[in-house]
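Based on the hints, put chain A in the right spot on chain C.
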Amino acid sequence: MLYILILVISGIAQFLGPWWLMPIVCFGLCFWKAKNAKEAYGIAFAAISTLWLGYSLFQSFSSGGEFPLKVAEIFKLPNAASLFTAVTLVGGLVAGFAGLAGHYCRLALKP
Amino acid sequence: MKYIRALLSLLVAGGLTYIFSRPLGPAPALGPFFSPFTGFWQNAESVEKLPPADFKLQGLKGEVTVKYDDNGVPHIFADNDEDLYFAQGFIIARDRLWQMDFYSRVAAGRLSEVMGPLALDFDRYNRRLQLPEGAERLAESFTHDPTSKLIVESYSAGVNAYIQQVSYKDLAIEYKILGYTPEAWSPLKTALVEMVMRKDMNARSDDYRMANALAKFGKETMNDLFPDYPVEESPIVPSSTKWDFTPLAVPKVPELMKASMAANLDLEAENPGIGSNNWAVHGSRTASGLPLLANDPHLGLSLPSIWYQMQLVSPTVNVYGVCVPGWPGIGIGFNKDIAWGMTNVGSDVFDLFQIQFKDNTFKEYKYGDNWRPVTSRVNEFKVKGSPDIIRDTVLYTHHGPILYSQGQKPFFSDLPVGHALTWVGPVAAGNSVKALYLINHGKNYDDYRKILPYLAAPGFNVVFASNQNDVAITSAGHFPLKWKEQGKYSLDGSNPEHEWKAWIPVEQTPYVKNPARGFVSSANQFPADPSYPYYLGWKFAPAERGIRINERLGNMTKATPDSLRLLQNDNFNVEARRILPELLKYLEKDPSAKALPAYGVLAKWNLRNDPNEIAPTIFERFVKELRLAIWEDEFPTQDEKAPMSQPTRDRTWAMLQKQPNAKWFDNVKTTDKVETAADIITTTFKATIDSLTVKYGPYNPQTWVWSTAKGTDIKHLVPLFKSFSRMDVVNGGGPGIVNATTEAGHGPSWRMVVQLDKTWPKAYGLYPGGQSGNPGSHHYDNMVDKWAKGELNELVFLKSKDEQHPRIKSTVKLQR
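Going line by line, the protein sequences match chains C and A.
4 is the number of the first residue of the first sequence in this note's numbering; add one for each residue after it.
90 is the number of the first residue of the second sequence in this note's numbering; add one for each residue after it.
It should be emphasised that the hints constitute simulated quantities derived from the structure, not laboratory data.
Cβ coordinates follow ideal geometry from the N, Cα and C atoms, glycine included.
Hints may contain errors.
[Stated by the list, open to error] The list that follows gives simulated cross-link-like pairs (lysine-lysine, DSBU-like), each with its CA atoms no further than 30 Å apart:
#: 1; chain 1: A; residue 1: K804; chain 2: C; residue 2: K79
#: 2; chain 1: C; residue 1: K73; chain 2: A; residue 2: K730
#: 3; chain 1: A; residue 1: K878; chain 2: C; residue 2: K73
[What the hints assert, rightly or not] Here chain A is said to cover these stretches of chain C; the calculated rule only asks that three of the stretch's residues, wherever they fall, bring their Cβ under 8 Å from a Cβ of chain A:
#: 4; region: 23-37
#: 5; region: 64-70
#: 6; region: 74-81
#: 7; region: 85-97
The shape of chain C in the complex, shown without the other chains (with noise of 0.2 Å):
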C-alpha cells in the first residue's frame, strides 16, 4: 500500500513541481504509513527507483534510445546501464533517507 501511494502521489507531485517534491511526499507518506524503520527505508527507496527507472526507460525506448547513450559518453560512463544504475541509486537514495526521517520523526514526536 504504502508503495502504491509513494509511487502515484509522488509522482503527480514530480509531474508538476520541482524534483525535491519527492522526497517531501516520501517523507510524509512514511511518517503517516511505515511501520517500521526497514519498511520506511526499503519502500521509499523500492517506490523511487521504480517509479524513476520505469519513466527513463520508458522515455529513452519512445524516443529510439540512442540519447541516453550520447549522455553517458559525455560523463564518460562505459555504457547507458550505468547511467540507469545512476537514476536508480539516485532516485532511491534520497526517498530511502526521507522515508526513513519521516518515521523516526514520527516515533520521536508520537511514542
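What follows is chain A alone, placed relative to chain C:
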C-alpha cells in the same frame, strides 16, 4: 536517543537533497539532472512529437500563426511587423536559445563564467579584440533608426517571452549539463552575435609574419615572392569592366618601417582560410529565361548549425531563408521578386601597429614628434568554480588596444607583443539589422543597392538576382581607404601617415551588374583586377574555386536548378590540372619514384576529388609537403623569434612552371649540396608516401581512399561534447575545390539554389545539421546525410497563411 535519531536522519535526508540540488564541481546537479521528470531524459524527443501547444504571451499585439513543415522549418504569419519579429525571437529561442546565448557569451568574453577556467584565455582575447565595445556601438546604432529599433526590441521581447515561460524540464541539455540558466536577451546581445561574425570573418592577420620576412629579405624579394595580384586569377568583377565612378585620391605611400620586435610566441597551425561560393546566372543562360541564384557560405561547421531556416510573413513582407540565431531578419534567402546570397570578402581590415614606448613603465608612446599617454582598462572575469574575480589590465593607444604586452602569451601565434590593433570590428558601425530589413523587403536592383551604406562589417560579396532579369554582385562593406600595401606588413604606430584616415565610398566598392558574360560569381577571390583604383589587400582566397565556377558557368546554356546544384558539388581539382603534369614530369625521371604505386594512381587520375578516389589523398598531402619543403628553410613558419609567412601556392607554382632554376628550391640547411627542383620534388614525394603509409598502412585502395582520409567533422559548439558531434562524415571535395569541405570541419554551411519566377519562385536548400538545437531531437542532424551526398531539399515557400500544403505538419498559435 529517539530525538537524536530523528534529527540525524532528517539531516541526512535534507543534506542529500540539498547536495543533489546543486552542481558538484563540473558535474550538474544530480537530482534534477537524473530525475526522469525534469532531467536530460526530457530532452529525448520521440519521432512523432505531439503537436506543441498554443502559447499565451504578453507583449503581442495580435495573433501569430506558426506552421511547421516536415523538416521542422517554422513559417510565421503575423498581422504586423512588431509581432513578426517578436515571434521570430520566440520561435528561434524554442529551438536554439542555448546557441544564441553561447554566441553572445563568446563575444562578451564571458564564456568562462559558465565553462570554467579552460575558456579564460579565449575570453581575455575576445575582450582584447574589443568585441564587447564594438557590440555597444552597434547596439547604439540600432536605436538611431526607428525600423531597426523596432526589430531588435520586438525580437528581444520575443526571446524573453520564451525564457520567462520555460521551466528546467524544457531547458536545453547544455544548460542542464553545464549547470546554468539563460539570462534575459537584449539588443546588445544581438549586437554581440554580429561581433562573433565580424571576428570569424575578419580578425586574422599576416602582418607580423610578413614584417618578419620583410626584415630578413628586403622589399625587392618581397615584391617578387609576395606580389599584390596573383598570376592566375579570375576576379569577381570581370577584367574588362569599366569603373563608372570618379575615385577619391588615394594617399601616397609613406616611408615603410624596418624594425620588427622580438616576440615570445607559442605557435599553432594557421587556419587554412577557405571561403564561400555564390553566383547568379542571367536569364539568357537559363532554361526558364529568368535568373537562377546559388549560394554556399563556408564556415566552421558546427552542431547546432550556424543557420536556421524560416519563412517570415507580415503585411509588409514574405521572405524565406536562413538566419543566424540571435540576429533578427533573414540573412540569406529570397522573396517573390528577388534572391540574394553572401560570401566573405576577406579584404585586409585588421592591422597591427608597432608601438614605441618611451620607457619600461609603458606610460607614454611616440606619435609624430610627441609622446602620448597610454591609457588602460581593467577587464574583469568571473570564472566558474572560483570565488575570485580575475582582472586583466589592457593598455590602450589611440590606435586601439595593445593586444599583448611583453611577457604575455598571445592567443594566436600570428599576434606579436607590443603592437596595437586597429581593425574594422569595433570601428565600423553600419546597421546590419536595417540592411537585412531592406533586402528582405527588396523588389528590384535599386532596392538591393540601398542596403550598401548599412553593411559595414564583415564585408560581404552580396550576389543578387531579380525576376526583372537583373543579376549583380557587390563586394560590400566599409573598407578603409588605404595607400598601396598599407597593412601588408606591420605598421608604424608613431607615423601618422600609417593610420586609417577615411573609408572607400560605399557606392565605389567593386560591383558589376548584368555583365556581358551572362553571370556573376564570387568565391572569395580578388574582388577586382589591378585596374580597380583602391587597395583592398594583397592576398585573397586562392583562385581555383573562382576559376572553376567561372569556367563552368561560362559553358552553361539552359541552366536549371539542378545544374547549379551539381556545380555546388563539383569536385574538380584546378590546382592539380595546373601543376600535376609538371610534377609528374619530374617524378617519371626518377625510377624509384616511378615504381611506387602512388605514381601510377596520380598519373591515371581524372583530377576529381571524388570520395572514392585515391589520388586526392596523395596529391593534397604531396603539394602541402612540397610547399613546406621549398619554403620552410628560408621562411620558417614555426620559428620562435620571427615566424614568417610563405609565398602563396599561386606564386609557388608559377615559380615551378617558369623559374625551375630559382635559388629558392635549394635547401639552405644542407650546406654540402645545392638542391634543384627535381631533388625537392622527388624526395618530398617519397617522404609523402612514407607518412601516408604510417598513417593509413601500406598502399591499399581501401584505406587510402579520399573519403576516409578526409572525412569531415561537424563538431558540437562545445567540442568536449563529442557524442553530440558528427565525426568523419563521408564526402568528396577539399580546400580549393568548389565543394570546399575539409577535415578540420569547414565547408558549405548552407547550400541554396533559387529559381526566380514572375509568379512564384522555386527554391532548394539545406545545411549540415537540423532545425532543432537539441541533440535528443530527430531534427538535430537530420540533414547531414543528404548534405554529404550533395542533395537538396525543395523549400516550402507558402503564398499565404491559408495555403494548404501537404508538407505542413503542425500549427502553433501565439496569442496575447
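Hints versus structure:
1. K804/A <-> K79/C: At roughly 18 Å apart (the allowed maximum being 30 Å), K79/C and K804/A satisfy the hint.
2. K73/C <-> K730/A: violated, 44 Å
3. K878/A <-> K73/C: holds, 25 Å
4. 23-37: holds (count 4)
5. 64-70: With 4 residues in contact (Cβ-Cβ under 8 Å with chain A), the coverage given for the region 64-70 of chain C holds.
6. 74-81: holds (count 4)
7. 85-97: Coverage by chain A holds here, the residue count being 6 at a Cβ distance below 8 Å.
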